[in-house]
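Need the complex rebuilt from these two chains, each delivered in its own frame; the hints are there to steer you.
So the chains spell out like this:
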Amino acid sequence: MSCMNNKYILQIKNLSVSFTQYEKGLRKIDLKVIRNLNVSVGEGELVAVVGSSGSGKSLLAHAILGILPQNCDAEGNIWFEDELLSPKRIEELRGKKIVLVPQSVTYLDPLEKVGRQVRKEQNEENVHKKQEELFDFYKLSPNTADLYPFELSGGMARRVLLTTAMMESPRLIIADEPTPGLHLEAAKKAMSHFREFADKGNGVLLITHDVELALEVADRIAVFYAGTTVEEAPVSDFQSVDTLRHPYTKALWRALPQNGFHPFPGKQPYAKDMPNGCPFGPRCSQLTPECEGSIQEQLIRFGRVRCIHAK
Amino acid sequence: MLEAKGISFGYKKGINILDQFQIRIESHERVGIVAPSGFGKTTLCQILSGYIKPASGQVLLDGEDLHRIQGYCPVQMIWQHPEKAVNPRLRMKSIIEEGDQIEERIIDGLGIERDWLNRFPGELSGGEMQRFCIARALGKRTKFLIADEISTMLDLITQSQIWNFLLAEVTERKIGLIVVTHSHSLMERIATRQVVLDTRI
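Chains as they are written, first to last, in my numbering: chain A, 568 to 878; chain B, -10 to 190.
So here's chain B without its partners, still in its complex pose (with noise of 0.2 Å):
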């Protein structure tokens, strides 16, 4: 179980984007997360997968803290833009490795190509570095994933290709999934459950 309590955050002084937010998912759910832009989905995001520490409040990962956790993140986070979440410097068969022990079936059941591994990041397109990231976030040990907007630039196809595989793999893995999507219809083929991020109001 993944449980976020009283988490406040703020860029800026003063104001705070996220303010006493309360979240508990479990492991066999999917939970839609919806607002509008700006309202502060990806830090959101960004707490409960231990990328930001907030000003205050805990995130308890089956009642552990979160940022106490030593390794490797049960909580995994596959961010909007591949391109940003991967180093440029890297092949791909090394950022693959940047994951915990990633089985030949995700990189199958993803359609990675096997000649891809050897490329750097610069020479795929936005939908197969995507697949990677995807790959990358489904260790062995991954327990939660995080999806913000990961299939916002993909066709339709690709989308559903990704999607598909994705959602096998979290109910036969047992692994507790959190979306943001502007889509309504993708939301609704996805989530179990809908959250409205609407803390101002």
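Extracted from the complex, chain A is given alone in its bound form (with noise of 0.2 Å):
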């Protein structure tokens, strides 16, 4: 468990992403997906993003790396070490300090080996060596570097996806879902690399829909809802629903199989028709008009939480 004042790998501050759709003909509008969304990974911690899917998580990866589509724009801070990014300055990080492991395995380029591929298309002998040694690290064998991406399985593609990441001795790792298809002990086995990766005094981003994973590997848990974080707890908070803070985090904890498996009606709002002040007012037994201003984040026992109601 980490503490509350070791050093930020990564800070990020009131980061709001919105898309600029064209509706009905000519009339423009701005669609604010991601809106005030804090969220920090101090060194030697693994912090999980979890949210549904079509939450707008994989948009957070891609604003942080400064990779978001052309009508797409970003606002707010980012901190990487103590120092406030700027997209040119990202440009430099992003691919060597900062890393991103990709959702889908089609991140990877279907005509070139991906041997070739993992090295960057460098042929010094070093970056060969190292390609080796974290081939074998992650149970590749060494003639998979001679493969194509459709000749692998879907395991070994993640791996390959890891390698890549790992390439450049990295400071912080973006994973965008990266155990969708893999089956338990797999994908523990991907975490357990992440794991040792924070372990060793970095950071871990892990943004995923699967709150159990999640809970495994994690330290803190930033619970992503409608486009903002809700609740940041440290993971020992999940052990119980009266620990937890916000409403929609406890109907998480209470939807778990092993935790009841209770249904909650309703659904996540879309970005276009959001409620005023607290996205999950619609859906909460707690609802009351104040509920409807702006609702500022509080720090209740080492979390934070978007809750005017939150004790």
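Treat each hint with caution, since some may be false.
Stated by the list, open to error - Here are the simulated lysine-lysine pairs, DSS-like style, with alpha carbons at most 30 Å apart: (1) B/1 <-> A/680; (2) A/834 <-> B/73; (3) B/82 <-> A/839; (4) B/129 <-> B/163; (5) A/706 <-> B/2.
Hints in this document: simulated from the structure, not taken from any laboratory.
This is the structure in structure tokens:
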């Protein structure tokens, strides 16, 4: 468990991401997909961002790396090792100090042998050596380097993506849904690599919808709902529903198969028709008129929560 | 009763993923199938629901060979990737009609909203589409349901919404259920019996 006074590797404050869309001809609308998001990763920490599909989780990863699509705009501040990031600086760090393990195995180039891709087309001896070491470490046989992506199984492709990320001794890994399609043992194994990496004093931001997996490996969990983090809590708080702060987190907890498997009515609002104030308001049993005002984040028992009724 | 007798199947010559496999499921049972990735769980599901004919052996539904049944297949499979299980050129209401007289009650119970019916698959999220695929499989003549990782891409709350409805439905209509999932806790919650698929050991 990390302490609060540790050095931060990544700090995100008030990040908002909006899409520009055309609606009915030339009418332009701004669609705010992520709003006022705060999240931070300290040294030696593995922080999981959990949220349902379609809530804008992948956009978060892309926003940090500055690889958002053209019609997308990001606002807010991102610090990397106490340095405020500018778009130019992100470009320098990307792929070297900050790396992405992408969600889909289609991020590999289908026309190039994976060994060459992992080496990023460099041919020096030490690059070769590093690639071979990493393949060995991730239990990929040496001849995997001569295969094309389509010849790999899903699990192998994921490990290839991991080696690609590890080639340039990074400080921060951003992993976007790295485990779907892997069975539990393999998923835990992939996670153990991240854990090991974090334990060496680096940082990992794990973006996933799999709460159970996040509970297994993460130090802290940030719960993502309708484009913002509603709660950020140490993983130990998830042992009981009473130590959780936000009503949505509590609903998530109760929906776990081992904790009652209780369904929760309603669904996440679309970015287009977001309610005023608290995005969870319409589904919340504690809804009061004050919830429609602006909701500030508060610090309660080493966790942060965006709910005015939280205790 | 759904019964598989001495099923063998392989994609490559000489390598059988399933070898003389036996399984027997009563209609009140909920059977979980456990195996690591790549062990042929999906293949087994496809054989049991009649999509693939095994190289040898038979699948029997109440004593009758599944491949001899004409018309609607009483063993329905729900696939892992809903976007691959629907025709992208049909509107959702036509996709629902592919099922066997799907009752309104099922559509409402799965939380399908009426205005989704006029949309095309590309206009729905994976979770929304999966609800349609589940509804389609719950036709009047369905006797067995095979759920192959149907909730891996769903968030927890949607997952519990869908499973709670599905469990109530299969219990009430005495539909036999075969479940494949990687999640231990989900398996514990759903299955009354677990079968470990490990033919190579």
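*Pair hint outcome, residue 129 of chain B versus residue 163 of chain B [Cα-Cα no greater than 30 Å]*: This hinted pair holds, its Cα atoms lying about 12 Å apart.
*Assess, step by step, whether the Cα of residue 834 of chain A is no farther than 30 Å from the Cα of residue 73 of chain B, and give holds or violated.*
holds, 24 Å
*Would you check the hint for residue 1 of chain B and residue 680 of chain A, treating anything up to 30 Å between C-alpha atoms as holding?*
Roughly 24 Å between the alpha carbons, so the hint for residue 1 of chain B and residue 680 of chain A holds.
*With a cut-off of 30 Å on the C-alpha distance, tell me whether residue 706 of chain A and residue 2 of chain B pass.*
holds, 27 Å
*residue 82 of chain B and residue 839 of chain A: Cα distance at most 30 Å?*
holds, 25 Å
Checked against the numbered hints above, the structure breaks none of them.
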